[in-house]
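Engineer: Residue strings, one per chain:
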Amino acid sequence: MTLEVSLEKQLGDFAFASEFSVQSRRVGVFGPSGSGKSTLMHMLAGLLKPDRGFIRLDGETLFDGSSKVNRSSEKRRVGVVFQHAHLFPHMGVWRNLLYGYKRTPKQQRRVDPQSLVEVLNLGPLLDRGTGTLSGGERQRVALGRTVLSCPRLILMDEPLNGLDEGLKYQIIPYLKKVFAEFEIPFMFISHSLNEMRLMTDQVLEFADGRLCAQTSAHRLALHRMETSQTGYMNLLELRDPRPQNGLFVYRWGNQDFILTAGGEAPVGMFELSSREITLFKKHPEATSARNLLHCKVKKVFDVGNRVGVELDCNGQHLVSQVVHDAVRDLGLQVGGEIIAVIKASAFRRLY
Amino acid sequence: MFQAMIHFSPTDLQAMALSARVAFTATLVSIPFGFAVSYVLVFSPLPGKTLLNGLVSLPLVLPPVVVGYLLLLSLGNHGWLGEWLADMGIHIIFTWKAAVIASMVIGFPLLVRSISIGMEDIDDRLIQASCTLGARWYDTLFTVILPLSARAIVAGATLMFARSLGEFGATIVLAGNIPGVTQTIPLAIFDYTSTPGGDRMALGLCLVSIGLALTVLVFNEGLIKRFRRGAHR
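In the order they appear, the protein sequences are chains A and B.
For the first sequence, this note's numbering gives the first residue as 4, with consecutive numbering after it.
For the second sequence, this note's numbering gives the first residue as 59, with consecutive numbering after it.
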C-alpha cells in the first residue's frame, strides 16, 4: 500500500496540518489525545472534509482540494473500526457482519465470510443480539464487519481503548491473524506504545496536529525510554509452557525462562521492563531470582540520567537500564560479557 | 351500567366511527411526510432548517381556527389550490376529506417533533459506520435510520392520532358540522351543548372522548418507555 497525504484542517482552536507518505502494510499513528489522530482518520475515511491538501491511496486520488475531487465515504473503500465498535443495534451479529459484504460488488469480494468467522472465532456469536456481547466480542464483530467489506485500507481508531485492562491485549492475536490471513493494509491509531509495537512496523507520531516523527515502533520505544518512568518494555514472545513446582517454564529462543504468570496457550506475549533486569559482573553464587542469562553487551546508550544497555542473549535481544555509576563498576563496554538476572515475577502477561 | 345510562343515537355512533376514520387516515397519510421532514430537519446540511422547523411547528401555536380559515382560503372553490383541484373534479371542503386535511395540518408538528427527537438519539457514528461500509445515503436511510426511529414514529403517530380525535377549530371551519358527513365527536358534543336538554348526551360523548384519549396516551407512554430502555442497551 502507498498512501500519500498532505492535509490541513481547522477545527475551532485546533489546527491539523501534516504531510507524509507511507508504504508499509502495518502503519501506526501514535500520539496523545488531542494530537489530531482522530481528525486524520476521519479525513482519510471521508467523514470530515479537509480545508486543503490531497489524499492519494495507491495512486488513486481520494481527495484533492485544488481540483475539487472528494470521493464520498461509501466509494473510498477505506474501512473503519471505531473505538466503541458501533454495531447496528437493530441487527444480530450475522447481519452486522454481512452489512458491508452485501454492499461490495461481487468482483471485489476477496474475503469469504465462513473463513473470516473461523479466523475470528465468531461461530458461537452468530445467532446472538449485539446487546449481549462483551466489549471484546463487539470489537471482534466490528473488525469482521469491516474486513468483509473488503476495503483497500482499514483504519482502526483506538480499537482496544474501550476494553478492560486485563482483556484488551487478548484481541491482538485476532487482529494479527486477520490481517496476515487476508493481507489487508491497515493504519492502527493509538496512544499506547505497547499496542504500536505489537501491531505496527512504521509509526507516524503526532503532537498538536503536526507530524513530529516518522519512525519504527522499536525506535519510538527507545526514544520514549527517556521520559518514561517505567523504562523500556521488552516484549517477549515465549513458547511451549510447562508447569514446574507451581511455576511455568517457557522457551525463549534456545533458553528457558521461569515465570510465576503463565497459561495454557502454546505462545504467549509478555512484557518485561528494563528496570527489572539486574546486571551482574560475575555469576552470583546464589540468588532469589530464578532467571540468570549469559549475555553480551551490544550497545550502551544514554537515556537522561540513566544508561540503556542492549544485550544479546544467544541471539535474542533484551534492553536493561542502569545508572552511570553502575556502568563504571560493572566495566560495561560493547562486546563484554555480563550476567542478566530476572525475577520470575517480573514478567507481565499481555496475551 | 354505562350503556344503561346513555343510549347513543345513530348520528352519535356515526360521529364516533367518523372520528376514528379521520384520525386514522390523517395519521397514516402523514407518517411518510413526517419521516421525510424529520430526516431533512435532523440530517440534512440545508441552511434554511430553522425556517422549515418554524413553519412545521406553526400550527402548534396558531389558533386552530386561523389554520382552518387559511386552509379554507386556499382549498375553497376560489382558492388557488381549490380551483385547480375543482378542475380535476376533486372537491375537498365540507367533505370528510377536509376533516382529514385539517387534522393532518394540526397534528403534523406533534408527529415531526416526536420523530425528530428519536432521530437525534441515533448515534452519528452508526451512520458513519454504514457509510464506510459502502451504503449510499438512501441505503443508510432505510436500513439504519428508519429501523432505529421506528419506535419514535409509532410514538409520534399515537400522539397525532390522539390530537386528531380532538380536532375541532380547524375542522369546523374547513369541513363544517354536517351530521353523518363531517361531524366528529367534538363537533357532536358542541351541537349537544347548544341544544336544550343535550347535557346528558354531551356528557356521554365526553366520556367516550376521555376513554379514547386515555387509551391512546397510555399506549403512547408504554411505547416511549420501551424506546428509552432500548436506547440504553
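Keep in mind that a hint or two might mislead.
As the list claims (entries may be wrong) - The calculated label-pair distances, taken between Cβ atoms and stated as ranges, are: (1) A:Gly95 <-> B:Leu113: 50 to 56 Å; (2) B:Leu139 <-> A:Asp130: 51 to 57 Å; (3) A:Ala216 <-> B:Ile89: 17 to 23 Å; (4) A:Asp61 <-> B:Leu143: 56 to 62 Å; (5) B:Gly280 <-> A:Ala210: 50 to 56 Å; (6) A:Ser75 <-> B:Ile89: 26 to 32 Å; (7) B:Leu204 <-> A:Arg213: 38 to 44 Å; (8) B:Asp181 <-> A:Arg227: 33 to 39 Å; (9) A:Arg59 <-> B:Val98: 30 to 36 Å; (10) B:Val239 <-> A:Pro108: 54 to 60 Å; (11) B:Leu204 <-> A:Gly249: 56 to 62 Å; (12) B:Leu204 <-> A:Thr135: 22 to 28 Å.
Unchecked claim - A few chain A residues facing chain B, derived, Cβ under 10 Å: (13) Gly49; (14) Val81; (15) Phe91.
Keep in mind the hints are simulated off the structure, nothing from the lab.
All of these numbers come straight from a predicted model, not from anything done at the bench.
Just so it is clear, CB atoms sit at the ideal spot from N, CA and C, and this is done for glycine as well.
Engineer: Please go over all the hints and tell whether each is borne out by the structure.
Structural biologist: Taking the hints in turn, this is what the structure says about them:
no., hint, in the structure
1, A:Gly95 <-> B:Leu113: 50 to 56 Å, "violated, 41 Å"
2, B:Leu139 <-> A:Asp130: 51 to 57 Å, "holds, 54 Å"
3, A:Ala216 <-> B:Ile89: 17 to 23 Å, "violated, 56 Å"
4, A:Asp61 <-> B:Leu143: 56 to 62 Å, "holds, 59 Å"
5, B:Gly280 <-> A:Ala210: 50 to 56 Å, "holds, 52 Å"
6, A:Ser75 <-> B:Ile89: 26 to 32 Å, "holds, 29 Å"
7, B:Leu204 <-> A:Arg213: 38 to 44 Å, "holds, 42 Å"
8, B:Asp181 <-> A:Arg227: 33 to 39 Å, "holds, 35 Å"
9, A:Arg59 <-> B:Val98: 30 to 36 Å, "holds, 35 Å"
10, B:Val239 <-> A:Pro108: 54 to 60 Å, "holds, 57 Å"
11, B:Leu204 <-> A:Gly249: 56 to 62 Å, "holds, 59 Å"
12, B:Leu204 <-> A:Thr135: 22 to 28 Å, "holds, 24 Å"
13, Gly49, "holds, 8 Å"
14, Val81, "holds, 7 Å"
15, Phe91, "holds, 6 Å"
Going down the numbered hints, you'll see the structure goes against 1, 3, while the others check out.
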